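Here is how the chains run, residue by residue.
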Amino acid sequence: MKIKKLLFVTKFDDLCYNSLNSLLNLTKASLEHVVFLNVIEKEKVAMHRGAGYIKEEEVKLKETANIRFIDWAENLFELGLEVGAHINVGTLIPEIIKTIELEAPDLIVIGRSHKGRLEHLYSRSDVTELIRRISIPVLVFKHMNEDSIVPEKLFSRPLLATNWSKSSNQAVEYIKDIKGLIDELNIMHVTDEKNLKSKSTHSVQKIRKQERKKLDDLCDIFEENGIKTRSHVYVGDPEKEIIKAGKEYQASIIILGSSSKTSIIERWMGSITRAIADNSIFPCLLIPSK
Amino acid sequence: MNKKVLVVDDDPDVRTFILTVLEENNFIPIVAHDGVEGLEKIENEKPDLVTLDVLMPRGSGIRLYRKLKTDPSLKHIPVIMLTGIALKSFMRSQKTLSEFQGEKVPAPDFYLEKPVEPDELIDAINKSLG
Chain E
1 MKIKKLLFVT
11 KFDDLCYNSL
21 NSLLNLTKAS
31 LEHVVFLNVI
41 EKEKVAMHRG
51 AGYIKEEEVK
61 LKETANIRFI
71 DWAENLFELG
81 LEVGAHINVG
91 TLIPEIIKTI
101 ELEAPDLIVI
111 GRSHKGRLEH
121 LYSRSDVTEL
131 IRRISIPVLV
141 FKHMNEDSIV
151 PEKLFSRPLL
161 ATNWSKSSNQ
171 AVEYIKDIKG
181 LIDELNIMHV
191 TDEKNLKSKS
201 THSVQKIRKQ
211 ERKKLDDLCD
221 IFEENGIKTR
231 SHVYVGDPEK
241 EIIKAGKEYQ
251 ASIIILGSSS
261 KTSIIERWMG
271 SITRAIADNS
281 IFPCLLIPSK
Chain B
1001 MNKKVLVVDD
1011 DPDVRTFILT
1021 VLEENNFIPI
1031 VAHDGVEGLE
1041 KIENEKPDLV
1051 TLDVLMPRGS
1061 GIRLYRKLKT
1071 DPSLKHIPVI
1081 MLTGIALKSF
1091 MRSQKTLSEF
1101 QGEKVPAPDF
1111 YLEKPVEPDE
1121 LIDAINKSLG
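Protein chains in written order, with my numbering: chain E, 1 to 290; chain B, 1001 to 1130.
I should point out that these hints are in silico values taken from the structure, not numbers from a laboratory. Treat the numbers as computed from the prediction; the structure is a model and nothing was measured. Some clues are possibly wrong.
[Stated by the list, open to error] In silico lysine-lysine, DSBU-like type, Cα no more than 30 Å apart, as pairs:
#	chain 1	residue 1	chain 2	residue 2
1	B	K1046	B	K1127
2	B	K1114	E	K5
3	E	K5	B	K1041
4	E	K2	B	K1104
5	B	K1003	B	K1046
Modelling step: build the complete structure from the supplied sequences, incorporating the hints.
Dropping the structure here:
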């Protein structure tokens, strides 16, 4: 579960050095190696009507990316980190997967999807597409669009939203590995409103008590590992409540297990994970169940 | 006898350029596309000299250089760094790694910044090979 090697996927307008810099705290845990990936979309350099393949454009885009990567790499090399870079022409997700096969990273860092609602409906977001096809945690950054400042300590105040799934349990193991970076951890569970529909107050309170007990047991596990932890039960729509908790407890990052819904359900109904990763203002660490 | 030179670089244009220069000057070029393949070729081919890029996929030139210079059977092989990474950053990184690992490595024979002229490269190779 250790994050020794991370793959930083950037288009430069979505993720820049300040995002990378906020991750460098991971060197205090186990980070040793950073790999950059820039994917130049095929459409930018090839198959233009009447022009064919534009080699000069490819050279220009590759060198522009190379100059940025050299600049970033110099800083990381000086910190004693191992650094690698890939600049590929192709389609984003297949190129990410190809690079994963070559480099075997422990964490993927990407910016939020730039697709619109209609494109999401027909082609899914990059984040969803990626999570469906890999079994490595994905960290989604999105600060550039909100013009907000990247938290200097990305992992200082994480919020773990658990639904007690296998992937949520995996997230617990990841958090234990970065315990040295955490000032305070908040953990939460969102209970569906339907569960609270009952004629007796007693049965409703019982559900709350059960959820609270499970959260407190989880708190104990974290506390035993030296992580100061607080637990919270929320009721309602999970997407809204998780974002609300993030704001209330000033989360620096939201950590979620990623769903394993079938593609057709995911495409038409959407998933909580995707919705939070794509729409919330918080960086999100998505942990797969595999 | 012609000398074997291993070129470790991920950029195909740079590899083609160096290969042409080497062949025109009667060297036997061998290529590797990244740091991992570079180490394999060094161990298997035992080149007389290595030109080494720094920022590459699968293992950087910084780590490969350290491996070379700390391996008793390989440390005699001259290395010419050929890269866009500044010498200052290279030296600082080696200093940091030396502190971590408690083992110092010598400076490379030559440190050339890309792009390099053919004469400059051949001159560095000839001087390194003594």
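Determine which of the earlier numbered hints do not hold for this structure and return their numbers in increasing order. none
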